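Asks: Residues per chain, in single letters:
2 protein chains.
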Amino acid sequence: MNNPQIHPVVLCGGSGTRLWPRSRVAKPKPFLPLVGDGTLFEATLARCPAAAGFAVPIVVTGAAHLAHVEAQWPAGVGGETIVEPCARNTAAAIALAALRLPEDAVMLVCPSDHHIADAAAFQAAAHAAAELAAEGWLVSFGIEATAPETGFGYLRRGEPIGALGFKVAQFVEKPDLERARQFLADGGYAWNGGIFAFRAGTFLDELAAHRPEIAAMARKAVAGGHSQGARFHPDPEAFAAINSESVDYAVMENTARAAMVPAAMGWSDIGNWDALLAARPRDASGNAVKGPAELVDCRNVLIESDGPRVSAIGLEDVVIVVDGNEVLVTTRAGAQLVGKLDGAANQ
Amino acid sequence: MNNPQIHPVVLCGGSGTRLWPRSRVAKPKPFLPLVGDGTLFEATLARCPAAAGFAVPIVVTGAAHLAHVEAQWPAGVGGETIVEPCARNTAAAIALAALRLPEDAVMLVCPSDHHIADAAAFQAAAHAAAELAAEGWLVSFGIEATAPETGFGYLRRGEPIGALGFKVAQFVEKPDLERARQFLADGGYAWNGGIFAFRAGTFLDELAAHRPEIAAMARKAVAGGHSQGARFHPDPEAFAAINSESVDYAVMENTARAAMVPAAMGWSDIGNWDALLAARPRDASGNAVKGPAELVDCRNVLIESDGPRVSAIGLEDVVIVVDGNEVLVTTRAGAQLVGKLDGAANQ
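Line order of the protein sequences matches chains A and B.
One point on numbering: in the working numbering, the residue at position 204 of the first sequence is 204, and numbering is uninterrupted.
One point on numbering: in the working numbering, the residue at position 295 of the second sequence is 295, and numbering is uninterrupted.
These are computed hints drawn from the structure, not numbers from a lab.
Source: prediction; values computed, not measured.
Built from N, CA and C at the ideal position, the CB exists for glycine as well.
Treat each hint with caution, since some may be false.
[Claimed, not checked] Facing chain B, according to a computed beta carbon distance under 8 Å, are these residues of chain A, among others: (1) E294; (2) D306; (3) G307; (4) S311; (5) A312; (6) I313; (7) G314; (8) I320; (9) V322; (10) N325; (11) V329; (12) T331; (13) V338; (14) G339; (15) L341.
[What the hints assert, rightly or not] In silico lysine-lysine, DSS-like type, Cα no more than 30 Å apart, as pairs: (16) K174/B with K27/B; (17) K27/B with K290/B; (18) K340/A with K290/B; (19) K290/B with K290/A; (20) K290/A with K174/B.
Taking the hints into account, I'd like the entire structure generated from these sequences.
Replies: And the structure:
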């Protein structure tokens with residue numbers, strides 16, 4: 001079956017302490033305009049237009065973020081929001097979406113807080129993944145590794161499946177730096193970015209095979225749920241009773257039908273302020289500025305201000321963020337520690 | 001004559017762009033609590049107590065800063081404020097003060113925006129200077145040079161005058177770095193910090209000899225002035241007609257009776273944020289913090305915030321100042337450029 005229609009399933013969760021103080025519990029990363037004019041959530045929907053073969057989206061989010069989702073949902077797009085009464089990780093979220101779709105529907109699970117510079121490459125990879133999914137594979141995007149990152153899991157490439165992709169030989173947990181360097185040099189490893197394609201029915205079958213209790217309870221939560229306009233509310237008691245597991249751990253690492261498609265699409269999970277600087281358009285000195293600012297003798301400096309003017313002199317590889325009553329100044333290398341600051345940890 | 005009573009003459013002027021954004025046109029450096037609990041102006045008065053042989057102070061200030069002067073004047077100290085209707089530099093300011101004192105009074109001219117760590121050393125130098133002043137010398141404090149500073153004028157030491165001080169062999173303009181290094185290595189040069197002692201009558205005689213038009217017009221401004229409580233207002237027209245010249249240029253560099261007393265007293269003109277960091281008490285990592293802040297892996301960092309919390313990671317030799325709608329982040333080396341920022345220049 002060629003070119004099946006693709007049902008985007010957009011996951012909106014997370015607390016986003018790593019981009020504090022811009023990202024806060026009350027307004028996390030997906031809903032912020034971090035790269036370009038739109039928010040990451042808006043960009044995620046915009047990457048999946050009807051014209052490129054995508055069906056209306058299903059968005060899975062928590063009640064706390066429903067207002068952001070609905071405020072940023074483009075007019076006329078249609079689709080459904082599944083409102084989780086509590087957080088139960090990705091296996092549960094994807095199971096709910098699968099149960100709201102026909103068995104033969106091909107789902108494309110998309111995190112809502114990533115940046116993808118090349119939308120056409122994303123769409124091409126999505127269609128390759130969808131073709132494999134229609135054949136019964138559970139497909140991960142194998143994101144081209146461009147640096148020895150220690151913050152991601154990796155996929156080891158196995159045998160080819162036709163011209164579209166490969167079997168996954170192994171799911172590899174986050175490596176240390178030495179192993180990450182080996183993976184990069186090897187060339188046979190890709191980042192696991194949490195983007196997946198499968199038929200709804202295939203996913204539910206595999207979930208039932210490997211995590212029958214999650215599958216059964218998700219089915220109960222949907223059967224006992226109700227719609228309210230474009231919102232779908234699962235049964236709160238049944239949903240709360242679902243085990244909290246990631247889809248990787250519950251399904252992808254266990255299935256015999258794990259596949260991957262290569263995806264070189266300018267991807268970033270914007271995992272910290274340093275990653276955001278790398279994803280941003282920059283001036284000739286490597287600086288990226290949002291908000292009122294004056295820079296003198298600065299290189300590779302990121303400035304984000306929600307109001308006050310930032311005047312910077314002589315800085316190199318520094319991030320400055322002004323948000324309300326918080327000011328963050330960190331080296332790019334220190335950006336990975338932001339989530340552990342008092343302000344980020346005790347919001 | 002031994003131990004003459006010393007009349008402090010405190011000069012409160014300047015716009016203070018170099019400590020922007022904390023220092024602003026409306027509230028310049030003398031009136032800010034930059035080192036310790038009090039302001040620099042308060043500390044200047046506190047260094048000249050009656051118990052150490054000082055008379056009540058005369059403060060010379062502009063109308064724009066009169067409110068700050070009066071608000072920060074300690075209760076019960078007494079003294080007079082000379083209110084300048086416009087700025088006419090130090091020769092005019094000192095002439096007004098001299099004309100408000102008896103001819104034989106020994107004046108000690110003190111800038112109000114310097115930090116002096118060792119008040120006892122200051123008082124000892126002041127009494128040495130006062131003894132020379134009582135003998136008819138015009139005495140500069142020769143501040144011990146501890147670094148090859150290019151931002152100050154220098155005094156070259158001449159022959160000794162008894163045990164108290166030396167003749168000034170030469171007033172040297174701000175040197176370049178190479179000459180400043182030579183001065184430091186030579187040991188015979190001291191910084192000219194703008195602290196002077198002389199008899200009122202001696203000063204007026206020398207002013208009349210070298211700048212007769214300034215002397216005459218200052219005399220006219222005082223003769224036509226009036227007191228209002230502790231304030232003295234010179235005649236505004238006569239004052240405005242005075243030539244604007246520094247006391248160094250008008251008098252000290254021309255007199256044949258220029259003397260200096262050595263002063264090693266932990267002096268700083270707090271000429272920029274880097275100098276302020278050097279003058280501040282610091283923690284074991286060299287950091288000095290005022291306001292809410294969290295520091296992680298930081299060394300030699302100065303943080304000043306008037307409210308927002310500042311979180312800093314991985315920084316070294318950096319200054320962060322948050323004041324109202326302005327945030328300054330500069331390297332210590334870049335601190336000398338602060339006055340040229342848009343924000344500082346266009347207040």
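Asks: All hints are to be evaluated individually against the structure, with a verdict given for each.
Replies: Each hint tested on the structure:
{"no.": "1", "hint": "E294", "result": "holds (5 Å)"}
{"no.": "2", "hint": "D306", "result": "violated (11 Å)"}
{"no.": "3", "hint": "G307", "result": "holds (7 Å)"}
{"no.": "4", "hint": "S311", "result": "holds (5 Å)"}
{"no.": "5", "hint": "A312", "result": "holds (5 Å)"}
{"no.": "6", "hint": "I313", "result": "holds (3 Å)"}
{"no.": "7", "hint": "G314", "result": "holds (3 Å)"}
{"no.": "8", "hint": "I320", "result": "holds (6 Å)"}
{"no.": "9", "hint": "V322", "result": "holds (6 Å)"}
{"no.": "10", "hint": "N325", "result": "holds (5 Å)"}
{"no.": "11", "hint": "V329", "result": "holds (5 Å)"}
{"no.": "12", "hint": "T331", "result": "holds (4 Å)"}
{"no.": "13", "hint": "V338", "result": "holds (7 Å)"}
{"no.": "14", "hint": "G339", "result": "violated (11 Å)"}
{"no.": "15", "hint": "L341", "result": "holds (5 Å)"}
{"no.": "16", "hint": "K174/B with K27/B", "result": "holds (28 Å)"}
{"no.": "17", "hint": "K27/B with K290/B", "result": "holds (18 Å)"}
{"no.": "18", "hint": "K340/A with K290/B", "result": "holds (22 Å)"}
{"no.": "19", "hint": "K290/B with K290/A", "result": "holds (27 Å)"}
{"no.": "20", "hint": "K290/A with K174/B", "result": "violated (40 Å)"}
Checked against the numbered hints listed earlier, the structure breaks hints 2, 14 and 20; every other hint is satisfied.
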